[in-house]
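Trainee: Below are the chains, spelled out letter by letter.
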Amino acid sequence: MRITADREACCAAGQCALIAPDLFDQSDEDGTVVLLDARPEAVRLDTLRDVVSRCPTGAIRLEDDPGA
Amino acid sequence: MVDAPHPPVALPTERSCPFNPPDGYTPLRERDRITRISYPGGSPGWLITRHAEAKALLTHKSFSARQEGIVSPVATELQYDRPADPGAFAKTDDPVHSHYRKMVTGFFTVRRTRDLAPMIERIVHEQLDDLEKAGPGADLVEIFTDSVPARVMCEMIGVPEAERKSLQRHVETLGRLSCTVPEALAAVSGMSGFLARFIPARMDDPRDDILGDLIRGGQLDEQELMGMAATLITGAFDTTGNMLAMGVYTLLEHPDQLAKLQEDPELMGGAVEELLRFLTISHLGASRWALEDVEFAGRTIKKGEVVTVALPAVNRDPERYADPDRLDIARKDHGHLALGHGVHQCLGQHLARTILSVGYEALFDRFPGLRLAVPADEVPMRDDFVHYGPRALPVTWDD
Chain A
1 MRITADREAC CAAGQCALIA PDLFDQSDED GTVVLLDARP EAVRLDTLRD VVSRCPTGAI
61 RLEDDPGA
Chain B
1 MVDAPHPPVA LPTERSCPFN PPDGYTPLRE RDRITRISYP GGSPGWLITR HAEAKALLTH
61 KSFSARQEGI VSPVATELQY DRPADPGAFA KTDDPVHSHY RKMVTGFFTV RRTRDLAPMI
121 ERIVHEQLDD LEKAGPGADL VEIFTDSVPA RVMCEMIGVP EAERKSLQRH VETLGRLSCT
181 VPEALAAVSG MSGFLARFIP ARMDDPRDDI LGDLIRGGQL DEQELMGMAA TLITGAFDTT
241 GNMLAMGVYT LLEHPDQLAK LQEDPELMGG AVEELLRFLT ISHLGASRWA LEDVEFAGRT
301 IKKGEVVTVA LPAVNRDPER YADPDRLDIA RKDHGHLALG HGVHQCLGQH LARTILSVGY
361 EALFDRFPGL RLAVPADEVP MRDDFVHYGP RALPVTWDD
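Protein chains in written order, with my numbering: chain A, 1 to 68; chain B, 1 to 399.
If you're looking for bench data, these hints aren't it; they were derived computationally from the structure. Treat each hint with caution, since some may be false.
[To be verified] Restraint ranges, calculated between C-beta atoms of paired labels, are given here:
1. B:P206 - A:D46: 34 to 40 Å
2. A:M1 - B:P8: 44 to 50 Å
3. A:M1 - B:R114: 24 to 30 Å
[As the list claims (entries may be wrong)] Examples of chain B residues lying across from chain A (beta carbon under 7 Å, computed):
4. V96
5. H99
6. K102
7. T234
8. Q262
9. G335
Glycine included, each C-beta is placed from N, C-alpha and C at the ideal position.
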């Protein structure tokens, strides 16, 4: 499982950093998403689905990681 | 066979209980994914009451938030048929919207707003000192819930305390649906008159605050700085103020939930989310208009037609939430739309969260026996305002 974060699409609402502060931060400059860990453990799947669903612009996606 | 279309209805606004959305939403939500409603003056429009359709609409590229196309779903003289002022980005679309918004988002991140907790605590306790002096027996709205968020934002942009009360009055006037055109013009000119003195003075002498940072950034002219400041002021004042007051009123009338919160302060973060969902103070929800003819939720929305997303109803959608009409501060599901969705989702949401958490905790800590000073059904409500909440909240406590 791999997370991708699109900073162009991000509106800096900070849902991700609110829900999972160990995986997501926000830039000091404009608040857009900073990915701290792109390959979290599978046990976090429910949290990540929550992040994806609550991201207001669809900037965060969850992909299968063929390399994993 | 296609069912005969239902005749358009007016937007439901009557509430039988101050803690619940207007009753008329429920049958509409059960009936259709999207509902034809009649807007004042007879123009056709639409209403969304379901969660899934709300999220889809608020992220749909064919719908605009631009001020000039928005029609209020209820009768009001507060109609703006021209584009938003430069810098007033809330009622614009990307890329104009994100151009301005991204200049201030850095100040409103989860981390930056939590770092403001000491400043917010100071203001909260100063207002609670005033409450203590005024009672036992005082109006919590005037002394506490309206004052705290206004003071916080004034401090963040450097507005002198002496100007705060008049700015609060202007914001209140512009949020009142029964406001007349002369009243609105007076409030607008009061606000812009202040900003026309304040902004040039700060441009000559920028301080260490949000405004100072924007001025030093050099990207905004005087008009844009005025629009930005007006947006921050109007976005921060009565929104968080009403939510703070509604939360207190609700907890006092749900004593089992309040007791649970007082026993376990760790529940505060989740309690704030649940109160946001349950109360959703955006009385009229969010509105968008179609930039072109578009197929949505099985219907054709014509170019120019307005869609109102009834956020209070959406946050009680039984398809989305288990037992939606029950207030449960221990609820784990926090995916509500009280702060909107899409690129316009509330800029100041984490500041609001910090103010609400600090505010509720300090109030019930210092006044553990706080109670209403009037019967619960006699609390006067702001039922003709863009944001819903008590007009006054008479409370008392043991000395």
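Trainee: All hints, please: hold or fail.
Mentor: Right, here's what the structure says about each hint:
| no. | hint | verdict |
| --- | --- | --- |
| 1 | B:P206 - A:D46: 34 to 40 Å | 46 Å, violated |
| 2 | A:M1 - B:P8: 44 to 50 Å | 47 Å, holds |
| 3 | A:M1 - B:R114: 24 to 30 Å | 29 Å, holds |
| 4 | V96 | 14 Å, violated |
| 5 | H99 | 11 Å, violated |
| 6 | K102 | 5 Å, holds |
| 7 | T234 | 19 Å, violated |
| 8 | Q262 | 24 Å, violated |
| 9 | G335 | 5 Å, holds |
The structure is inconsistent with the numbered hints 1, 4, 5, 7 and 8, although it conforms to all the rest.
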